[in-house]
Each structure stands twice: as structure tokens, then as C-alpha cells.
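Chemist: When we follow our numbering, the leftmost residue of the sequence shown carries the number 106, and every step to the right adds one.
Calculated from the structure, these hints are not laboratory results. Be careful, since some hints might not be right.
Said to hold, decoys possible - Pairwise CB distance ranges (calculated):
#1 P135 / L237: 14 to 24 Å
#2 S263 / L233: 19 to 29 Å
#3 L237 / L209: 40 to 50 Å
#4 Q123 / L241: 43 to 53 Å
#5 G177 / A226: 34 to 44 Å
#6 R119 / K180: 31 to 41 Å
#7 A117 / Q229: 21 to 31 Å
#8 D258 / C138: 16 to 26 Å
Stated by the list, open to error - In the DMTMM-like style, the derived pairs of lysine to aspartate or glutamate whose C-alpha atoms are separated by at most 25 Å in a straight line are:
#9 K132 / D207
#10 K215 / E228
#11 K183 / D217
#12 K116 / D207
#13 K116 / E228
#14 K215 / D258
#15 K183 / D207
#16 K180 / D153
#17 K183 / E228
#18 K116 / D217
#19 K132 / D153
#20 K132 / D248
#21 K132 / D217
#22 K215 / E113
#23 K215 / E125
#24 K180 / D159
Each residue gets a CB set at the ideal place from its N, CA and C atoms; glycine is no exception.
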Amino acid sequence: MYNPQAMEGRKAFRNQWQIEMWQAPAKELPFCCIATWCSPCVSYYLRDRVLYGDMSRYQCCGGFLPCSGHCGESKCPKFCLGMEVCLCFPSSVAATRFLVQDQLNIMNSKCDNGILVFLVALEQLACLFAILACILQNDGLHDAAHALRCLADVVYCSVCACMQVNPLLCGCAAVLMCCCVDVLLC
């Protein structure tokens, strides 16, 4: 998902998010709650919005992975998006955010970048501890890896809702209605 060239290109973007991640809970509390409790539904809804309802443009994980476009998603894009948001939720949220950034030339603020760097660093630290615990067969490292993984998951889940607040939203009530309709239609 990480593409250094794309990340470099985003530094030239001049538009800014209407709401920074750290402001999202205060400015869009209802949406953040919905995005926390019904994350896959919100992720599905947002990707559909980013694609302007044209599912023929859908690619798994926003086209950011080498396998994207080669998974048969053109035959059943709605089903594939449903599977993506359920099975690859973090990639789904990140891909949608990247697609919005690329379409609207939106750069992250320094605070947003700090949050994202902390999130990635925590994930990598948990992974490093897990690898060391496996190599050294150390129960203490295994426990530390598990604790770091839990912490990383909690941080990610709290940040995910904030990441999904973006300029394409038409309002929290509409999002809630659309999410409920999507769930009922599934």
C-alpha cells in the first residue's frame, strides 16, 4: 500500500482537509461514532462516493496493491468491495483516503502526518517484537508483542473513524441513512 513516489507527489498538493483528523471527533461526533460502530459499512459507503457510484471504476484496495485489478473485481465489484471492507479494512480506509487526496489534491497537515507516522511506528514495533519473540522463543517478548499489537489495534480503530471524515460527506444524517440502507440491502 505504501508507495514512496505517490507519497512524494502528495507533498505538492495544496488543498487541505476541511477537518483534520484530530478535530474530527469534536466537529463530526455523530459520524465518528457511526464510523467506529459500523466501520465496514462506512468504508463501503465512502468508497462508493469516491467512485461517484460508478463501480466499473472499482479496483481492490484502490489500485494501490500489485494484485489490484487482477482479482476479478470487474465481474462483481460490489461483492468485492464488501469483501475488501470486511477482510482488508485498514487497507480499505487508507485506499479511500489516498483516492480522495489524489482526486482533490489534498495534502495532510503536519498533525495528520504525525498521527499516521505514530500509527505506522506502533504497528512496526509490534511486528518487530513478534518477530523477536518468535526467533528468541521468549515469553516476555511474546507478551510485549501481544500488548503492543492490542495497543496498535486500539489506536488504529480510534484513528480509523477520524480518517474517514472527509470533504465528500454530505452530512452525518445522510451517512447514517445510507449505511442503514446498505446494511438492510445486504
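Chemist: Against each hint, give a clear statement of whether it holds in the structure.
Modeler: A quick look at each hint next to the structure:
For P135 and L237, the hinted distance range of 14 to 24 Å is not satisfied, since their beta carbons lie about 42 Å from each other. Between S263 and L233 the beta carbons are some 22 Å apart, a value that agrees with the proposed interval 19 to 29 Å. As the Cβ distance of L237 to L209 is approximately 41 Å, the hint placing it in 40 to 50 Å holds. Checked against the hint of 43 to 53 Å, the pair Q123 and L241 passes, with Cβ atoms roughly 48 Å apart.
A beta carbon spacing of about 35 Å between G177 and A226 agrees with the range 34 to 44 Å that was offered as a hint. Under the hint 31 to 41 Å, the C-beta atoms of R119 and K180, about 39 Å apart, fit the expected range. At about 27 Å, the CB distance of A117 to Q229 agrees with the hint of 21 to 31 Å. Roughly 19 Å separates the CB atoms of D258 and C138, a value that falls within the hinted 16 to 26 Å.
Proposed proximity of K132 and D207 is supported: the alpha carbons are some 24 Å apart, at most 25 Å. Of the supplied pair hints, the one linking K215 and E228 holds, its CA atoms being roughly 20 Å apart against a limit of 25 Å. Distance restraint check for K183 and D217: the Cα-Cα separation of roughly 30 Å exceeds the 25 Å cut-off, and the hinted pair is therefore not satisfied. Simply put, K116 and D207 have alpha-carbon atoms about 11 Å apart, close enough for the 25 Å limit, and the pair holds.
Between K116 and E228 the CA atoms are separated by roughly 23 Å; this keeps the pair inside 25 Å, and the hint holds. A threshold of 25 Å between alpha carbons decides the hint, and for K215 with D258 the separation of about 23 Å falls inside it, so the pair holds. As the CA atoms of K183 and D207 are separated by approximately 22 Å, the hinted pair is consistent with the 25 Å bound. Proximity of K180 to D153 is assessed by CA-CA distance (about 16 Å); at most 25 Å being required, the pair is judged to hold.
Taking the CA atoms of K183 and E228, the gap is near 30 Å; set against the 25 Å cutoff, the hint is violated. About 13 Å separates the Cα atoms of K116 and D217, which keeps this hinted pair within 25 Å; it holds. Note on K132 and D153: the hinted pairing holds, with a Cα-Cα distance of about 23 Å set against a maximum of 25 Å. A hinted pair counts as satisfied when its Cα atoms are at most 25 Å apart, and K132 with D248 does not qualify at roughly 37 Å.
Straight-line distance between C-alpha atoms of K132 and D217 comes to about 16 Å, which keeps the hinted pair within the 25 Å bound. Between K215 and E113 the alpha-carbon distance is near 15 Å, which keeps this suggested pair within the 25 Å criterion. For a cut-off of 25 Å, the pair hint linking K215 to E125 stands: about 10 Å separates their Cα positions. With a C-alpha separation of about 14 Å, the suggested pairing of K180 with D159 holds against the 25 Å cut-off.
Violated hints for the displayed structure, listed by number in ascending order: 1, 11, 17 and 20.
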